[in-house]
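Working from the sequences, and respecting the hints, build out all of it.
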Amino acid sequence: MPPGTLLSAKAHVMNGRIDPKYKACQAILGEDTWSRLSAVWAGLQTTHPFSTMLRHADERIAPAFLADLALLEEFCSSVENNKGTIQIPLYKATINPTLQIIELRWKNLTQFLRLNNGENTVHPIQANERILIWYNPLIESVIARPATDEDLLVLKMVVEEISPESIAVQGCLPIGAVDSALFRAVANGLVFTPSSRIRRDPTVYLDDGSIPEQFLSTTSFTLQWHITQACDLFCKHCYDRSNRETIALDQAIGVLDDLRSFCKSRYVTGAVSFTGGNPLLHPSFVTIYKSAVERGFTAAILGNPAPREKLEKLVAIQKPAFFQVSLEGLQDHNDSIRGHGHFERVLVFLDLLKELNISSMVMLTLTSANIEQVIPLTEVLRGRTDVFHFNRLSMVGEGANLRLPDKQRFHSFLREYLDATFTNPVLGIKDNLINIILRDQGLAPFGGCTGFGCGAAFNFVTLLADGEVHACRKFPSPIGNIYQQTIAEIYDSNEAVRYRLGSTACKTCTIRPVCGGCLASTYSHKLNIFEDRDPFCFMYDRFK
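Mapped onto my numbering, the consecutive letters of the sequence shown carry residue numbers 1 to 544.
Because the hints were derived from the structure by calculation, they are not lab data.
Everything hinted at is true.
As a list, the in silico DSSO-like pairs of lysine-lysine whose alpha-carbon atoms are at most 27 Å apart: (1) Lys290 <-> Lys313; (2) Lys354 <-> Lys430; (3) Lys407 <-> Lys236.
Laid out in structure tokens, this is it:
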């Protein structure tokens, strides 16, 4: 035991009793026995810890495992007292400085720390067990639990500065499995890594203290990947029916490796949202999906109803984070947009997703023609999908033939929709402008469209099938080409920076980090997306 890590005996004694760090021991012994042992301990005037005394205690008074439990509680107290040593590293992964590793001669003792009384619901087993104890600043608590093989592997990797790639090769593991193990250690506060390098520009985003830190810096980055233009639908509001060459398998693998490198360099996790067209129509979709999973990415699908056998192949690899399908209103209107029979196929498909335990999402493109059908549609979807969202129509491509509602109707709709969220759990909130209503009502903001207001070229980019990279898929916003540049080069380009700064008209707005309007909406109205406000913004309107 390292000298100086535990308090002296006098500090353990408080009015003839052992101090509160030994709550689990006291609960097991009961008040009378505890008081007698406390008195004996106080009379010894020793500098040895309480756990040492218990090793010589009569088993008729104290169970044999109690000395190890006292040792465990002493180390937990030591870790609690040393939490002030924690500093987030600036340059590389480091072990939490409060971490202590101890060997106990009894198993299952950490379970006693979670009991509130002396109930005999834990069964200690006399066998060696290695315990990790550390202070997790993320939950502001001391953690004590048995060390797993994964824990020890991650600790070795960090201490010896072994690359994840080397660990993967040596252990014949997918690189994503090693990355995920490290991410889990970081999430548990066992390992510290530098803070995310994807953060809102503090010189532009007004920070008056009203916006929580969680909306200023992201810990994940998403690639919205249109891997093919092939589609089995012919929707009237489709943004892009151009002929783009479908990405080849080897190129797709290269993109995934590049995405992993980018995420590692920015200290964020990665996610891929596969879409199209219909991504499942890509001839190598299953292989690309598996390759994304093997690299540790969260994988989601934005597509059309698919047969059971295709879903089962994906679930066998890894269940999608979610599967998003679209509906444009009630049956007649939806089928007039997406084709006869589509509405019923989606409802059947949602039931299939539920049966396979795949999280489902339904997305609607809001227009003047379907705005009155949104709330009734969500009642049809109640209990049938996990979440419903809507996006405002972007009047590009085929969408130029449709129309948006007028501003005042849209504003009143947002209030109706927000009210409905309190009675129908499937309704999710996504439109940035809802934050204006929340602010006016004195309520906390939500993350807006992407968790960070308009996230164009911030916490996501869109990759098209032919390699073009856009800040947002809903309108032409090219920022590079994946065949000519790396994701890092594209992300750091002047074009990308310009999009993520948004409109200068929002510069002084206090809710900008969770709003920024919708650039696609501004573009649809032939306004300057870098200078003009979202035409639907009602922040300063009288009819609020």
